[in-house]
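Taken in order, these protein sequences are the chains called A and B.
Sequential numbering of the first sequence, starting at 14, is according to my numbering.
Sequential numbering of the second sequence, starting at 1323, is according to my numbering.
Please keep in mind that the hints were generated in silico from the structure rather than gathered at the bench.
Be aware that a few hints might be false.
Stated by the list, open to error - Chain B residues, not near chain A, derived (Cβ > 12 Å throughout): (1) 1336; (2) 1343; (3) 1352; (4) 1358; (5) 1424; (6) 1465; (7) 1472; (8) 1475.
Stated by the list, open to error - So the derived label-pair ranges between C-beta atoms look like this: (9) A/245 to B/1415: 53 to 61 Å; (10) A/30 to B/1407: 23 to 31 Å; (11) A/159 to B/1448: 24 to 32 Å; (12) B/1354 to A/154: 57 to 65 Å; (13) B/1398 to A/55: 41 to 49 Å; (14) B/1448 to A/16: 47 to 55 Å; (15) B/1483 to A/207: 56 to 64 Å; (16) A/132 to B/1452: 33 to 41 Å; (17) B/1355 to A/207: 40 to 48 Å; (18) A/82 to B/1355: 24 to 32 Å; (19) A/202 to B/1410: 30 to 38 Å; (20) A/113 to B/1483: 44 to 52 Å; (21) A/132 to B/1410: 23 to 31 Å.
Even for Gly, the Cβ is constructed at its ideal location relative to N, Cα and C.
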Amino acid sequence: MTTVIQASGLSRHYPGDGSPVRAVDDVRLVIERGEAVSVMGPSGCGRSTLLHLLGGLERPSAGELTLDGRRVDGLSEAAWARLRRRSVGFVFQAFHLIDELSAVENVELPALLVGTPPQAARRRAMELLERLDVADRAAHLPARLSGGQSQRVALARALVNEPLLVLTDEPTGNLDSHATGELLKILAGLREAHQTLLLVTHDPRVAAIADRLLSMRDGAIVDDTRLDGGLSRQAALAQIAGWDA
Amino acid sequence: MLALLAKEPAHGYELRHRLARALGPLGEVLNPGQVYVTLSRMERAGLVRGDQVEQSAAPDKKVYEATPAGRDHLAAWLADSSWPKVAPAEFHLKLVAAAATGLADPSALIDLQRRELLRRLRKVQRLVEEDPGDLDGMLLLEGTALRLQADVRWLEACERRWRAGDKQ
């Protein structure tokens, strides 16, 4: 296994009244390639800040961060921007699509920015839209997409450069229950394809996609546990049925 | 079982398979012995009647059908609106006990319980992913998934309450 993320002493402190606010405090974390990890915790526990640090959207106040074996905690904004384009895909609660670009143009943009030839970028974008079942909306502007369609376009955009790591922050936060179900299937498919995933969420269904759960409180990871393994299919069914008691 | 027999008479083996089908994936863990035990109990209680049927090529089998008393019982069961385990009272009491005695940290109990519920939810979601065919059975798994989600959300409320308690 190769290590995608390695963090130690990772911290992000903001100035506060009197003592600094420790949004992320002394986090040690290793994520291997192909792992699907969810992060849960009460509001304000630092889970979104952690995601921002791992994706280079914010700089740590202290600590070390390695992405794919390379130290990145001291990178400049420009170097991070290049690295993010190639290696990190983001999916947020608000879809952050560019309003003036069609769905397929939104998806191909990051590919064009890393120098993919236009035809190849378009082909890859269309493939992804097809895989995520929104190819029929390729020519539409974001304003004409439903929430579920917008989030699938945003996910296709996150995947277009075959990122090392996909970071999602409350990806179902703006979706109705049907669109959430569709997105869950897609996220499960990414997990099955061994895409390295970090899912920050308070939605139990999203958290349960992962193989590993991190619980955060007051900026610290207080619990790091496997969700997979253990019960056989038969034992799980018996437990659900309540016939194991 | 009574409902399946009220629909049409069946022998034990047929009944077992119909019941398993109605349960979807959960039918896999249906205990066959329990079906036969339940049938003979229902027969003794007068809810079903079994008739021996002679077979030329195989041992005799017993075909069961619902009696009028069985149909009444079934109608009463369908109309009964009681619901199992609405409140997770025991876990609530554990939190109260942990805080009162200092023997455990309520937050740690909540974390432990959340892990367990998410493991179960993960398993249920995997079962649905693996086996998206049978709609009736899937509805049962969906119900299980929804209850687990509600329980996880309730744990969030517990967490807020007990953390607020810490700071008082």
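Verification of the supplied hints:
Its beta-carbon lying about 21 Å from the closest one in chain A, residue 1336 of chain B satisfies the requirement of being farther than 12 Å from that chain. For residue 1343 of chain B, the condition that its CB be more than 12 Å from all CB atoms of chain A holds, with the nearest at approximately 15 Å. Annotated as non-interface, residue 1352 of chain B brings its C-beta within 12 Å of a C-beta of chain A; the closest such distance is 8 Å. The beta carbon of residue 1358 of chain B is kept farther than 12 Å from every beta carbon of chain A, the shortest such distance being approximately 16 Å.
Every CB of chain A is more than 12 Å from the CB of residue 1424 of chain B (nearest about 19 Å), matching its label as outside the interface. Chain A draws residue 1465 of chain B into its interface by the beta-carbon criterion, the shortest separation being 10 Å against a cut-off of 12 Å. Not every CB of chain A lies more than 12 Å from the CB of residue 1472 of chain B, the least distance being 9 Å, so the non-interface label is violated. Its beta-carbon lying about 7 Å from the closest one in chain A, residue 1475 of chain B breaks the requirement of being farther than 12 Å from that chain.
Distance hint for residue 245 of chain A and residue 1415 of chain B: a CB-CB separation of about 31 Å, inconsistent with the stated range 53 to 61 Å. A beta carbon spacing of about 46 Å between residue 30 of chain A and residue 1407 of chain B contradicts the range 23 to 31 Å that was offered as a hint. Checking the proposed 24 to 32 Å range against residue 159 of chain A and residue 1448 of chain B shows it holds: the Cβ atoms sit about 28 Å from each other. Separated by about 59 Å at the C-beta atoms, residue 1354 of chain B and residue 154 of chain A satisfy the suggested range of 57 to 65 Å.
Against the hinted window of 41 to 49 Å, the Cβ-Cβ separation of residue 1398 of chain B and residue 55 of chain A comes to about 46 Å, which satisfies the hint. Taken as a hint, the range 47 to 55 Å is violated for the pair residue 1448 of chain B and residue 16 of chain A, whose Cβ atoms sit roughly 26 Å apart. Separation of residue 1483 of chain B from residue 207 of chain A is about 39 Å and departs from the stated range, judged on CB atoms against 56 to 64 Å. Roughly 38 Å separates the CB atoms of residue 132 of chain A and residue 1452 of chain B, a value that falls within the hinted 33 to 41 Å.
Roughly 42 Å separates the CB atoms of residue 1355 of chain B and residue 207 of chain A, a value that falls within the hinted 40 to 48 Å. Hint check: residue 82 of chain A to residue 1355 of chain B, Cβ distance near 57 Å, so the stated range 24 to 32 Å is violated. Distance hint check: the CB atoms of residue 202 of chain A and residue 1410 of chain B are about 33 Å apart, consistent with the given range 30 to 38 Å. Checking the proposed 44 to 52 Å range against residue 113 of chain A and residue 1483 of chain B shows it holds: the Cβ atoms sit about 47 Å from each other.
A beta carbon spacing of about 57 Å between residue 132 of chain A and residue 1410 of chain B contradicts the range 23 to 31 Å that was offered as a hint.
Checked against the numbered hints above, the structure violates hints 3, 6, 7, 8, 9, 10, 14, 15, 18, 21; every other hint is satisfied.
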